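Novice: One letter stands for each residue in the lines below.
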Amino acid sequence: MQSVKPGDARVTACAKSARRLSARPARDLLDPPAVAVDLSTVDTLQAALTYHPRASHTVLAGNIANLDTPGYRSVDLERRTADDPSALAVTHEGHIAASAPADFVTSFDDGGRLPGSDGNAVSLERELSKIDANRARYSTAAELTTRRLAILRYAAGDGT
Amino acid sequence: MSTMDFFTAMEVSASGLSAERTRMNVAASNLANAQTTQAAGGGPYKRRDVMLQSVDVPGTQSTPFAQAVKGVAVSQIAQDAAPPRLEYDPGHPQANAQGYVAYPNINPVEEMVDMITASRAYEAGITSMTTAVSMAERALGIGR
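These protein sequence lines map, in sequence, to chains A and B.
Here my numbering is used: the first residue of the first sequence is 1, the next is one more, and so on.
Here my numbering is used: the first residue of the second sequence is 161, the next is one more, and so on.
Please keep in mind that the hints were generated in silico from the structure rather than gathered at the bench.
Note that the coordinates shown come from a computational prediction; the quantities given were computed from them, not determined experimentally.
All clues stand as given, with none of them false.
Here are some, though not all, of the chain B residues that point toward chain A, as calculated from beta-carbon distances under 7 Å: (1) Thr168; (2) Ala169; (3) Lys230; (4) Ser288; (5) Thr291; (6) Ala292; (7) Met295; (8) Arg298.
To be clear about the criterion: a stretch of chain A counts as covered by chain B if any three or more of its residues have a C-beta under 8 Å from a C-beta of chain B, and this derived list gives those stretches: (9) 59-68; (10) 143-149.
Calculated Cβ distances over 12 Å to all of chain A for the following chain B residues: (11) Ala200; (12) Ile237; (13) Pro244.
Even glycine gets a Cβ: it sits at the ideal position worked out from N, Cα and C.
The shape of chain A in the complex, shown without the other chains (with noise of 0.2 Å):
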């Protein structure tokens, strides 16, 4: 830590807030708020990052690779949380619960449209549709983590 010199900006900031706190109730100032930094987000938000967009939009691409292939039907994934019985029990306080497991995928025929007179039934509208909302799904999560590792940068910083 460097040393601070009185008058210096951040002390009279500082004075000013503790002025600010001073004037709420004390229990506020001897229970302070969680911390609000959590790493478990960060997992959570990897996951969704990673596994599910990224097969899903493997899926989608080889449903626009197969738009003339005869009788081929469109595929999508279905994400799931299935219950898990071999997930491990909270029998004690200090233990940390497990994440959910595995988000299970499946596949399906989505049934995009009829088949046309060769049997293909890929909807190209639909297809690329999918593959838009996909990405902004993707982005929404990478722009999430990209925030919370900000966040968490900025803790381990000293708050520059």
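Chain A is already provided as a structure; the job is to place chain B on it using the hints.
Specialist: For chain B alone, coordinates are given in the frame of chain A:
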């Protein structure tokens, strides 16, 4: 870690692009030879047709949804068995004993429609590939 990354998606898109390009080439070949009365092997040029089939993508077998991801491949380029179009032109060097010339069984309108659908599908494949690239780049920007 699953091996199913954006490169797999790009590989799938690439298989589609390559298949559509083949369709485009074949349609161009059919159009170019719409009046070819003497092709290799004798007789008029015969219309070619691209047969596509969906194929498994290497590297996805270990994933739980391997059956969902399919690339595409050209299984064969077949010759159209439709009979040639006969035109009466006794002066033509290729005319038969009855004075008829056999022209290829090609309908230019059909070929143009094929070409347009191949071109649109190619564009869709490019869009899908660009999306994979932009998602990968988005991921690279996370730590910045």
